[in-house]
Structures are given as C-alpha cells and as structure tokens.
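Colleague: These protein sequence lines map, in sequence, to chains Y and H. Our numbering applies: residue 13 is where the first sequence begins, and numbers increase by one. Our numbering applies: residue 13 is where the second sequence begins, and numbers increase by one.
Everything labelled a hint here was simulated from the structure, so no lab data went into it. Keep in mind that this is a model prediction, so the values were computed, not measured. One thing to keep in mind: the hints can contain errors.
One copy or two, either will do: identical chains are not told apart, so a pair holds if it fits within one copy or between any two.
Stated by the list, open to error - In silico SDA-like pairs for lysine to any residue, Cα to Cα no more than 25 angstroms straight-line:
1. K55 <-> M336
2. K253 <-> A176
3. K135 <-> R308
4. K299 <-> Q238
5. K55 <-> P313
6. K212 <-> R184
7. K55 <-> E309
8. K55 <-> L340
9. K55 <-> N301
10. K299 <-> L340
11. K303 <-> D132
12. K303 <-> R80
13. K135 <-> A337
14. K303 <-> G82
15. K55 <-> G291
16. K303 <-> S134
17. K303 <-> N149
18. K135 <-> A305
19. K55 <-> D310
20. K135 <-> G91
21. K303 <-> I131
22. K303 <-> E339
23. K303 <-> S129
24. K55 <-> A329
25. K303 <-> G91
2 protein chains.
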Amino acid sequence: MATPETFTLHTTDNTARRASLVTAHGTVETPAFMPVGTQGTVKAVDPVDLTNVGSQIILGNTYHLRLRPGDELIRRRGGLHRFMGWDGPILTDSGGFQVFSLAGLRTMSEEGVEFRSHIDGSKHLFTPESVLSIQRNLGSDIMMVLDECAPHDADRQYTENSLALTTRWAERSRKAYPEDTGPGLLFGIVQGGFFPDLRKMSAEQITSIPFDGYAIGGLSVGESKQEMLDMLAVTAPLLPKDQPRYLMGVGAPMDILDAVALGMDMFDCVLPTRNARNGTLYTSQGKVNIKRAEYREDDSPLDPACGCYTCRTFSKAYLRHLYMARELLSYRLNTVHNLAFFLDMMQGARQAIEEKRYLAFREEYAGVFADGSAETL
Amino acid sequence: MATPETFTLHTTDNTARRASLVTAHGTVETPAFMPVGTQGTVKAVDPVDLTNVGSQIILGNTYHLRLRPGDELIRRRGGLHRFMGWDGPILTDSGGFQVFSLAGLRTMSEEGVEFRSHIDGSKHLFTPESVLSIQRNLGSDIMMVLDECAPHDADRQYTENSLALTTRWAERSRKAYPEDTGPGLLFGIVQGGFFPDLRKMSAEQITSIPFDGYAIGGLSVGESKQEMLDMLAVTAPLLPKDQPRYLMGVGAPMDILDAVALGMDMFDCVLPTRNARNGTLYTSQGKVNIKRAEYREDDSPLDPACGCYTCRTFSKAYLRHLYMARELLSYRLNTVHNLAFFLDMMQGARQAIEEKRYLAFREEYAGVFADGSAETL
Chain Y
13 MATPETFTLH TTDNTARRAS LVTAHGTVET PAFMPVGTQG TVKAVDPVDL
63 TNVGSQIILG NTYHLRLRPG DELIRRRGGL HRFMGWDGPI LTDSGGFQVF
113 SLAGLRTMSE EGVEFRSHID GSKHLFTPES VLSIQRNLGS DIMMVLDECA
163 PHDADRQYTE NSLALTTRWA ERSRKAYPED TGPGLLFGIV QGGFFPDLRK
213 MSAEQITSIP FDGYAIGGLS VGESKQEMLD MLAVTAPLLP KDQPRYLMGV
263 GAPMDILDAV ALGMDMFDCV LPTRNARNGT LYTSQGKVNI KRAEYREDDS
313 PLDPACGCYT CRTFSKAYLR HLYMARELLS YRLNTVHNLA FFLDMMQGAR
363 QAIEEKRYLA FREEYAGVFA DGSAETL
Chain H
13 MATPETFTLH TTDNTARRAS LVTAHGTVET PAFMPVGTQG TVKAVDPVDL
63 TNVGSQIILG NTYHLRLRPG DELIRRRGGL HRFMGWDGPI LTDSGGFQVF
113 SLAGLRTMSE EGVEFRSHID GSKHLFTPES VLSIQRNLGS DIMMVLDECA
163 PHDADRQYTE NSLALTTRWA ERSRKAYPED TGPGLLFGIV QGGFFPDLRK
213 MSAEQITSIP FDGYAIGGLS VGESKQEMLD MLAVTAPLLP KDQPRYLMGV
263 GAPMDILDAV ALGMDMFDCV LPTRNARNGT LYTSQGKVNI KRAEYREDDS
313 PLDPACGCYT CRTFSKAYLR HLYMARELLS YRLNTVHNLA FFLDMMQGAR
363 QAIEEKRYLA FREEYAGVFA DGSAETL
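Okay, chain Y solo, but in the shape it has when bound (with noise of 0.2 angstroms):
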C-alpha cells in the first residue's frame, strides 16, 4: 500500500520528472531502468554483478516463475528476494503479456485467460485476483494488475472490447487487493492500441481507479517509433503527477530517453541483456557488434567512457574472442558492459533534470543512436 511518502516528486524539466518511489525493499530513484530477471535471476549476472552495474530494482515475471519453481515454492523460500538474494525492490509484472504471446495456447474469457505451459503442456488459469495472489507469493514490492495487450494490428473494435475488459479486470485487482493490504504496491496499467481517444478513455477509466502508480502498456508489440511516441505524448499527461508513471517493456536508448522527456518515471525492457548475449554492445560511441573483424586485434575497452568491471578490466579483441569461442563469460561481461550503459544513463537522466538540462542531455545520446527506429522487445 501507498503512503503519503511513497512518491516524492523532486523537481521537474519541462516534462520530464525526477522523483522517489518508495518502496518495502528500498527506494528508486526516478526515471529507472528495471533489468529484467525472468526466471529469478537477471540472465548471465549475479545479484553484486546487479549492483555493481547501479541497478536499484529489477523485474520478476510472473508468467515464468509461477511456471518454475512455482510461487508457491517461492512463497516457502521466503520470497522471490531471498530465494534468489536480491534485497533490493522487485516489481513483478502480472503474466498478462507472456500468456497472451501464447498464440494458440491460450483462451480468453471473462473471467481470465486460460493457457497451456510451454515447458510441461500443463493448464493453468490466470485472472485478474489469481496474478495478485502470484505476485503476493513471490514477495514483489510492486504488482502489477492483470490486462489485456492488444496485437498491433488489432483495429478498433477490438481495441475498445479489450479496454474495457481491461478496465474491468482492473477493478477485480484493486478489489481483490485493496489499498490497506499488505506492504507491496499495485499499479494499473492503461490499454488503448495506436487509437488516441482510446487511449484516453482507457486512461480517464484506469486512472480513476485509486493505483499506486500508473504503467502505458501495449506499447512494445511492433509498432514504428513514432507510432509509440504519438500515443505516448498522447497518454502520459493524463496520468497523475503525484504518482510513479511506468512504460512497460521499453526500450532501446533513445526511446527511454524520449518517453522520459514525455514525463515517465519507469521502464523495462530485455534489450540490454539479450543483445549482450547477442554480441550487441551500447557504448558512449554507438552501438558495437562484438564479433565483427575490425574488433580483432583491438585492444581498447570497448567503451572508454565507462567504468563498469567489463571496460576495466578487458579489451575488445578479448571480448571478441570470447563471443567467437562461445564462452560462457562472453554472456557475464557482455551483459554487465550493456546493463552499466543502461543504468549510467538513466543516472545522467537524473542529473540532468535535476540541472534543468535534460533535452541537452538527450541530444547527445541522439547523436550517437541516430536511427530512428523503434527497438523494443
């Protein structure tokens, strides 16, 4: 539950915000980048790798851990936190979006979204009371309720019926948890496809319902960049000010850095980490593919602006060995190096609001990620 302390809102740059979420595990600093740690660990790190790296909060996804260990296993652990010895926030997001990429496997209803495991074939039923109980077994400190994420290409129709059981669904989670229970925090999350006054309506109908913050979802399913910032310029000022604002499963640099101009707090997304295993890396000079032949005999750090474990330590033709000899450290140091870029820039978001500099700040990282593209996972 929200207290009067839970978010401070320190001072603003034109829209962008700078801000404190307090939380059971600890308080985060705003805007944040959430790691994400699907299965109970953020891949290929550990928990001092995690904070080493700056991050203040990671991600849990329901949908995987009720899946395994199970959360009630979990539950019996003591949490998902001391389970995988993480002592710092945790927000779990509600499987909503895991079920529905079940193409084929999954059945919706009123009462909830019906699906098969994608490891054992099992059933199992989710619904907007079943995700809370989840997300209470596994100990998160920020919740999120169950939704529906419409396809990209879902036309309006489909998008409206989807809001509105959106919206009722969330009134079954505020119900199902209401604002004096336990210590973790629960969020709603606004619907509303690439459709402006659906988005809006689904806003006025989420936001009247008392969250402790708000999340845009349905924003990283395929659209174009400015698709996902039209709705956003359209979406985020109906959102409370007084409350944290969290843009689900985004993004790549300059998206983050674009939908915190647009005044959201929070974000989320596998970019960092699944491209290290990919040999993507981010650095102060664009993005690097390790493995290219040009990084060969290299033997500068791979970004010499940043000061993680990965360029202290290493050269790129040690990182490119590593990747072309599918070491398993290739994954560890990769994934450090790019969480570090993440996180050092979601601190110089920080500052730079605070100094009223922030669209300075972002121009030069749009100088060096120029492309345009939306890059959301």
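Please arrange chain H on chain Y, whose structure you already have, making use of the hints.
Modeller: Relative to the frame of chain Y, chain H by itself:
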C-alpha cells in the same frame, strides 16, 4: 629458466611434500591444483572469481589458443596474462594431448605431428620446437614439452617406441629452449604406458635432461584407479626430490590426495569445472547431483562447510532451480563452488603435511569419496 630459488621443499610427511615453486608471475604453494582455462578463460568464471576461490595458478591449452584466437595475436596483445586479465602464474600444456585425441585427423612423424583444426579444417604441424615457440608467444610461466601420450590399450612395442620418441622430442625441446633462455620454466614429461619397467626407463631418460620440473603423463587415459596408482608408485620415486612433480590431467579428489601421498606436487583436471556445468558438485558430504528432486525445497547451502560465494549466498533449492531452467548463472555459481572445493582441499593438504598428519587428512576425504573408481578427464 630455473634459479636456485625456483623450488623449495619445505617439509615432508612420509612421502607427501610441502613445497614452493617460484614463477615469473608469482609463487605457487604446493601441493597445488590448477583450474583449466582452455580457451583463455576458465569456463564460466572471471579472474576475480578465480582469485576469490583461491586459485594460485591456472592452465592454458596451447592447442586451442593456437587455433583461436592464435598465439601470435595473443603475443601482440602482450601475452595471455594480459589478454585474459589473469596476473598469476600460467602453465601451458604442449597441445600434444589434444592433437593425439584427434584420431584420424593427425599424422605422426619423427618431426612432429600434423593435424587439421577442429574449427576450420586448416592444416597445422606441431613439433617440439614449434609448441615451445607457441607457448613463448603466450607468455607461459611453465611450458610443457611435446610428448606422445600412448593410449591405454597400447601394447609393449608401441609404448617402447612411443617413449623413445618422447625422449628424442624432450632432447630437442631442451635444445630449442636452453636453460638460460627467458623467464619461463620448462618441464619434461615421463611416459611409458602401463609397463613398470618402461615407466622406469622413461623416467631415467627424461630426468637425465635438465628440466625445471618433471611431469608424469599418460595417466588419465581411461585406466582403473589401481592401475594409475601402481604406475605412480613406480614413477614418482624416480623423479628428483629437489624439483617440482606434476601429475597431468588428474583428477578426482581421492586421485589427487593419493597422488599427493605418493609425492606429487601439481595437478590439473577439467573435472571440477566440467562437472559443475553438468550439475555434479563436490561437497564435504560427498558428491551432490543438484538436479535431484530432493533439493527442490532444500534451503540449506550446498556445503555448510564451504565459504565460497555460492554457499554463502544461495540455497540448494535456488541452485537446483537455476540448473533446471538452464540459466547461465547456474554454470558460474556451480563452477565457483567446485573450484573452491578443490582449492580448499589443496590448502587443507598443505596444512596437513606441515602438521605431519597428512594420512589422517586423506582418511577424512576417503570416508566421503570412497567410490574407488578413477575419475579423470
């Protein structure tokens, strides 16, 4: 090259030895176990992990590094230490063992052994001279001569010819790298298969060449544990007392402890690292197969007697979950623990020899690892 201070025998307990070996990158306290870093990394761990678990010296594989990324490339990077960020001693093998494993892809001659790369099929020739040149490019602290490791089922005639060739190659090796050359030490290798008199003959021939240390080769090729110990009991006493003795490719905890009792000083094996990746973990209570269902809800540390990061931080239940979910973190946490177990065991062995209670120390482990089978890789 060795100096009078290179090797110091501090004390003995029966035939077990407690000594120090000085290399260009630091001193190795023996008996010592060397984690195997085949491709410029000990699989799944970084140099900080290696230091934290108590590694004094690691092994690099000449065959693999020659093929990828290439020894000349590593020389241009300042050598293997700098390339991989490991400042401690490195022993490199000759590459012979790997080449002789390439059945059908290699051709032996007096000159050396020609083979095709397992990576791209390219042709290469290893000679006694060329493998030293490669090891010098790597900047090895302890180089090994090229030898022929006869198969376990080799007959007497084959073995006799093979050891004679190994001796001629050893003579060429010393000539190619005379005693006053460079900072690297050069070790000879005793062969002779499973014929006691041939082991004796090889030991006499090899120790008549002034190497900086002597290894026993050919004893991790599929023999029974008793066969290994029989050959070791014949060969070890024939090695100079005032020089280091290295048993190559061995082995499981009891194999190492038995070889220490017979007077061997140095060991290497992929067993702790490879088994870690397969979920087989060594503990003070014996071997643990972490995927077993009995650990599903086991909140205890993997080994309560172990102080490694894995045991200090995580439960068996979490390690099992990571293993079952095939998470990358599983490989690292398991490797950290298995290396810590082997290196703690060596530390215990050193202390026990100093305190003249080595056989009692060995008995403690025998009570836990009493499976009697040779377990070498």
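Colleague: Next step is simple, just say for each hint if it's right about the structure.
Modeller: Hint-by-hint comparison with the structure:
no. : hint          : in the structure
1   : K55 <-> M336  : both (19 angstroms within a copy, 14 angstroms between copies)
2   : K253 <-> A176 : within (24 angstroms within a copy, 85 angstroms between copies)
3   : K135 <-> R308 : between (49 angstroms within a copy, 22 angstroms between copies)
4   : K299 <-> Q238 : within (21 angstroms within a copy, 57 angstroms between copies)
5   : K55 <-> P313  : both (23 angstroms within a copy, 22 angstroms between copies)
6   : K212 <-> R184 : within (21 angstroms within a copy, 83 angstroms between copies)
7   : K55 <-> E309  : between (28 angstroms within a copy, 22 angstroms between copies)
8   : K55 <-> L340  : both (12 angstroms within a copy, 6 angstroms between copies)
9   : K55 <-> N301  : both (20 angstroms within a copy, 22 angstroms between copies)
10  : K299 <-> L340 : both (22 angstroms within a copy, 24 angstroms between copies)
11  : K303 <-> D132 : between (36 angstroms within a copy, 17 angstroms between copies)
12  : K303 <-> R80  : between (33 angstroms within a copy, 14 angstroms between copies)
13  : K135 <-> A337 : between (40 angstroms within a copy, 19 angstroms between copies)
14  : K303 <-> G82  : between (38 angstroms within a copy, 16 angstroms between copies)
15  : K55 <-> G291  : both (14 angstroms within a copy, 18 angstroms between copies)
16  : K303 <-> S134 : between (40 angstroms within a copy, 21 angstroms between copies)
17  : K303 <-> N149 : between (42 angstroms within a copy, 24 angstroms between copies)
18  : K135 <-> A305 : between (48 angstroms within a copy, 22 angstroms between copies)
19  : K55 <-> D310  : between (27 angstroms within a copy, 23 angstroms between copies)
20  : K135 <-> G91  : within (24 angstroms within a copy, 56 angstroms between copies)
21  : K303 <-> I131 : between (32 angstroms within a copy, 16 angstroms between copies)
22  : K303 <-> E339 : both (13 angstroms within a copy, 23 angstroms between copies)
23  : K303 <-> S129 : between (35 angstroms within a copy, 21 angstroms between copies)
24  : K55 <-> A329  : both (23 angstroms within a copy, 18 angstroms between copies)
25  : K303 <-> G91  : between (39 angstroms within a copy, 21 angstroms between copies)
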